[in-house]
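Trainee: Fit chain B to the supplied structure of chain A, relying on the hints for placement.
Residue strings, one per chain:
There are 2 protein chains.
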Amino acid sequence: MGSLNDIGIAAGINILSALGFLLAFALLRIQPINDRVYFPRWYLKGTRSSPRGTRAGFSKFVNADMSTYLRFLNWMPAALQMPEPELIEHAGLDSAVYVRIYLLGLKIFVPIAVLAFIVLVPVNWTSGTLENEKTLNYDEIDKLSISNLGKGSKRFWAHIVMAYVFTFWTFYVLYHEYKVVTTMRLRFLANQNRRPDQYTVLVRNVPPDTDETVSEHVEHFFAVNHRDHYLSHQIVYNANALAGLVEKKKGLHNWLVYYENQHARRPAKKPTVKTGLWGLWGQRVDAIEYYKSAIEELCKQEDEERQKVMSDPNSIMPAAFVSFKSQWGAAVCAQTQQTSNPTVWLTEWAPEPRDIYWPNLAIPFVELSVRRLIMAIAVFFLTFFFMIPIAFVQSLANVDDLERVLPFLKPIIERNSLKSVIQGFLPGIALKIFLILLPMILMTMSKIEGHISISGLDRTTASKYFLFIFVNVFLGSVITGTAFQQLDTFIHQPANKIPETVGESIPMKATFFITYVMVDGWAGVAAEVLRLKPLVMFHIKNALLVRTEQDREQAMDPGSLDFGTTEPRIQLYFLLGLVYAVVTPILLPFIIVFFSLAYLVFRHQIINVYSQQYESGALFWPDVQRRLVAALIVSQILLLGLLSTQEAEKSTVALLPLPVLTIWFHYVCKGRFEPAFIKFPLQEAMVKDTLERANDPTLNLREYLKDAYVHPVFQKNDMYELVAMDEEEKNPLVATRRQARMNTPVDSKFNSSSGTNEGEFSRMRPA
Amino acid sequence: MGSLNDIGIAAGINILSALGFLLAFALLRIQPINDRVYFPRWYLKGTRSSPRGTRAGFSKFVNADMSTYLRFLNWMPAALQMPEPELIEHAGLDSAVYVRIYLLGLKIFVPIAVLAFIVLVPVNWTSGTLENEKTLNYDEIDKLSISNLGKGSKRFWAHIVMAYVFTFWTFYVLYHEYKVVTTMRLRFLANQNRRPDQYTVLVRNVPPDTDETVSEHVEHFFAVNHRDHYLSHQIVYNANALAGLVEKKKGLHNWLVYYENQHARRPAKKPTVKTGLWGLWGQRVDAIEYYKSAIEELCKQEDEERQKVMSDPNSIMPAAFVSFKSQWGAAVCAQTQQTSNPTVWLTEWAPEPRDIYWPNLAIPFVELSVRRLIMAIAVFFLTFFFMIPIAFVQSLANVDDLERVLPFLKPIIERNSLKSVIQGFLPGIALKIFLILLPMILMTMSKIEGHISISGLDRTTASKYFLFIFVNVFLGSVITGTAFQQLDTFIHQPANKIPETVGESIPMKATFFITYVMVDGWAGVAAEVLRLKPLVMFHIKNALLVRTEQDREQAMDPGSLDFGTTEPRIQLYFLLGLVYAVVTPILLPFIIVFFSLAYLVFRHQIINVYSQQYESGALFWPDVQRRLVAALIVSQILLLGLLSTQEAEKSTVALLPLPVLTIWFHYVCKGRFEPAFIKFPLQEAMVKDTLERANDPTLNLREYLKDAYVHPVFQKNDMYELVAMDEEEKNPLVATRRQARMNTPVDSKFNSSSGTNEGEFSRMRPA
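Those protein sequence lines, which keep their order, are chains A and B.
Heads up: the first sequence begins at 1 in our numbering, then just goes up one per residue.
Heads up: the second sequence begins at 1 in our numbering, then just goes up one per residue.
Check the hints yourself; a few may be wrong.
Because identical chains share one entry, a pair is satisfied inside a single copy or across any pair of copies.
Mimicking EDC-like on lysine to aspartate or glutamate, the simulated pairs with C-alpha atoms at most 20 Å apart in a straight line are [said to hold, decoys possible]: (1) 179 to 367; (2) 670 to 367; (3) 269 to 703.
Bear in mind the hints are in silico, worked out from the structure with no lab data behind them.
For reference, chain A alone in the conformation it holds in the complex (with noise of 0.2 Å):
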């Protein structure tokens, strides 16, 4: 299926495109007026503001620097160039050890091309069997796979064993890089600063008391129950309706300020707003006035509301964050079960303030399992029926048909252009929606599902949409049909036959699945690098929307590694590479490609662009290993059932212990490293305490504690990540090299001279 020639011709117009790509981003970066698109880390990080400033006229805009165009491709050995320690401390060990997958692939893959085509591609191309049968359509790309070989040929042993090597390849490779994690995410907890979480547990479903309020049962509880440790608690209010008045504020502000300055600006022209509708209607009023009115109006609704939450007992919602005199009273309290019903008082580790879900943490535990229920019902449905919807939504499509259903449109689509228009584009357009969309709706369900930290939904987003890609994306492509055909498929073929048929047709899609990474995924990720989409909100923003440096700085979007739908993507790379290494190994190359490409851009990308919302410490690495074990399991079957459609019995057999292993071998992982993740050693608590005693003697934990598990609504300062970024400022354990704050000028020049970001790598590394 499909000669070399034509995946020759697919790779060029691909590497084409892959290389403009890049080579639009290696031009558009070195411009003044998109620095804030292709390195807004260091803007946030306070280390970088804009070039602009310090330009005058043309150069303002545009690099005239010529000598920049000649080292434009200088940035790819940069993002090589941090070493990881630096690199975790710069964009957080989740980041760091998100752009491990990418090279994790190679790991694995790198070894296993070039073993599968010394010993297989020799042994597939010598066979000949096609070229004996005249009859049938062959092409090069079948001499070199598995399809070569004719039924129950001896050579299927060479692909036995090789399949054995590559599991054991596989294995030694993961078991190494979860070694290597955990050690990473121990040795990131152990050298992290203070932090509140580390001294914080989370309390949910606080029974209901008759004679006290929430706060004092809270505080009667753990004072007896952990007398020589507990410290405080911070009882969690029901702020979203302050939450709304705040938000609303913060846009009225922003208006006024850009009023202000205007009319700083032209002094003589006051400046005049319309109250009706998006200013578009209504009276015309002086703006300035208007908006400092509305704003005192607001300011009191919050106060009173604010009143309101803090004083009604409706408000409090039965949760509060318990904080401990040292770590080994919270480590000890958020691993242990606290009354004889385990559906009260559930502690955890509280996650970082800034992951914490707030609307979720009042979930009680009966409800809880309720919605756990009817969200997996609901990923079943949307995983194997969604394109029940969508085909109903393109039969409305059928412009007669919408006609007899909506009789009044008829005189508007009956024009011809129009008419043509839908027809051609609805049908696709509603199917395009849907895949936008699709991670929304996952992510949509995870909220519902009740997890209460952000981290931990991007965790279960990334497990659903896998499911709906190897469903629908892996599966689907293999065994041609909608998700709903293959589920009938499957329930109606015996046990052995499922692997057999999808096996069989495996082969032949290797072509499909070629093209397939090199369009998503080779050209998938240089569109990454160019960031296209925050490239042209920026400046549409810019040219229209930014009134204040503050707004500017709101249109910058640097935009994070989106793990929830990112992870399940390079999840079906791998899939796809385990699958192919045995029956056609000319799509490992390709594989290898997309892995090196991705490294190099997510890199850079984490260096120069992502800034994360929350750092969990590779919370997500046990399930991206239990993903990678799934895909070598799903690898292993198929192959199984390949060899069962090419009469090669015993064979088939010496494959059966194969997936018995890989079990083992997640077993045997999962016991050695996940505890790393799950639980907090008391050891390692006990070392913090000492060291933090040592360190501080002085410190007023209480103090240090008071505020942090505040609701963000309630905190004095707006910009609540600064409060965190101060504390560790003033509290270094290890001493960081940042010395700039947000927006202050210092060292600019620099950075803008130089163009590219080197300049920042040797800052950073310790001298």
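Mentor: Just chain B now, kept in the frame of chain A:
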């Protein structure tokens, strides 16, 4: 299949045989000579001594008091009279909860049977499809079953509604029962007297240290990481060789006492013994001298071995029992992870001292996972392929083959009588021997898996045995054929065909299972109460071997509830009941009779007979619940399969939510109740600590725990259990009413004259 008449006859026979057993029991138990067979529990408790001591002549052996014969069925109400709290105190929570499983069967099936007979039986009976198709062979019993409905009948809706009703009723009963058992367990743990295991944690996989001994290492680690709570620890020695010596000495000591007794009775004749094999060959020497010197020799060996074990660092296992100053401290240590490497310093609650399975304490972590992998594979092969070796043995039992392979046996075999015996017996015997050995084989497998407590071994054995029964008894009877053939069928059938195949033959097997319930259930339970084997063994031992009072004590063999083999059998009845509730409700009364009879009998047995080896606090209940839920799901899937063959597609779809709901119910129950069986809440620990301090402020805990976890062979007192009992006696938090010690003849007259055991009940009950 099988007319009502046939079943009536079978039922008659089985009822008669069961009644025969019960009658025999009723008569045998009031004979003084059998007193130790039917009331060993009271002997072990020390509240009963031999009635034979107080009588003379004939009445020493046979009960001549005619009035007791008139009341020979008194044991039945007596078994029900002891209230549950007293039962818990008398026989332990394990036993009390165990008999609740039978009660649970009644709670589930009595209402289901009533409903089924009111609704389903009339629906089936009046359908009359079978009557119309005269060509078919059918019986009255089939007219009561679902088979009487024609294909595509609307009446299936009655069955579907009933399936929902039955499922929800089962949910309700199971949930309620789980709640009750959880409450019982928590109350039991809270009311327990002080016990060493409440303060003690078992640490395994202590990492090797080059500078310190294991003991020092343990002490330093816990003194640092549990600074405020660590009290002391006890090292675990590998004392298996020493245990052998101690056992041997005990045997010699018995012989010595026996000969001394003989000599005392007939001082004229010095007893002699031959020194050779089993005392049959060799030189004749003076028996008393011989045994005295042999014991002396053994004592010396034992001392040497003891010295060796105590001093040799290699005999110290990398494990220890660590005790804490408070239950809170122990609860914290047992439930937390100690170091960042989760394969060392593994902590868990120490089992009761008598529950520990010592040989498994030193298995390293990696070896454990290899052992579990191998055993999982072994269980799979045992379950599905056990017929292969047996068929091999059976083929050997073909006499002609045997003669060809072993020609020297020919003259022996050719004797006609022997030949027919071998021909007839051998094949059956191979299977029978295997089935008798099966629990032992499964227990050995569990031991290899490395569980450290005897209760844990019992629980995993039960899981394995249930799998075996489910595959080989249930499925094996429904789809006739060996498990291996079934496996083959299942693999080669579509996933939706499997429940159809099984479901379709379910109604046809109703008669078979009714007979099975009567033979295995009714007669089996009646045989259990008769205790035929212990009865015979006791009298044989009494006549031939009993030499000392201690020997008679040992000959008594009270036995115990063998959880590993009896619980899976009950589960089979639950499975049958749930499967046939909708299909052939006529089976339900037979199940109900079984559960009633078994409840009666086992309640009697745990009161009067069994002596439990350990007390786990109903730790097995989550397993019971899990298997019940599994049975429920199996029944639902089979009903689904059955209906889908009846051309009732819509109704089949209506059943689909049932298994989903059941799985969800399982997780709800698991989340709600299971933690009470795994974790120990800190609040409870704190309450108990406070009580302890108030009750006994001067308690020297270190002294109390000093010898609790010493290996049994190092205990000064050989009768280890008594130590714990003494401790309880001395420090009763809840006053006990035990007055007499073992073998003291207090109060015995009362028992022996009454002949029934109401006497004990009135004495045990609070005044």
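Trainee: Does each hint hold? Answer for all of them.
Mentor: Verification of the hints:
Taking the closest pair of Cα atoms, residue 179 and residue 367 come within 20 Å of each other only across two copies (19 Å); inside a single copy the shortest separation is 37 Å, beyond that limit. For the identical chains of this complex, residue 670 and residue 367 are inter-copy neighbours only, at 15 Å across copies versus 30 Å inside a copy, given an alpha-carbon limit of 20 Å. Proximity of residue 269 to residue 703 under the C-alpha cut-off of 20 Å is found in neither arrangement, the shortest distances being 50 Å within a copy and 92 Å between copies.
Hint compliance for this structure: hint 3 alone is broken.
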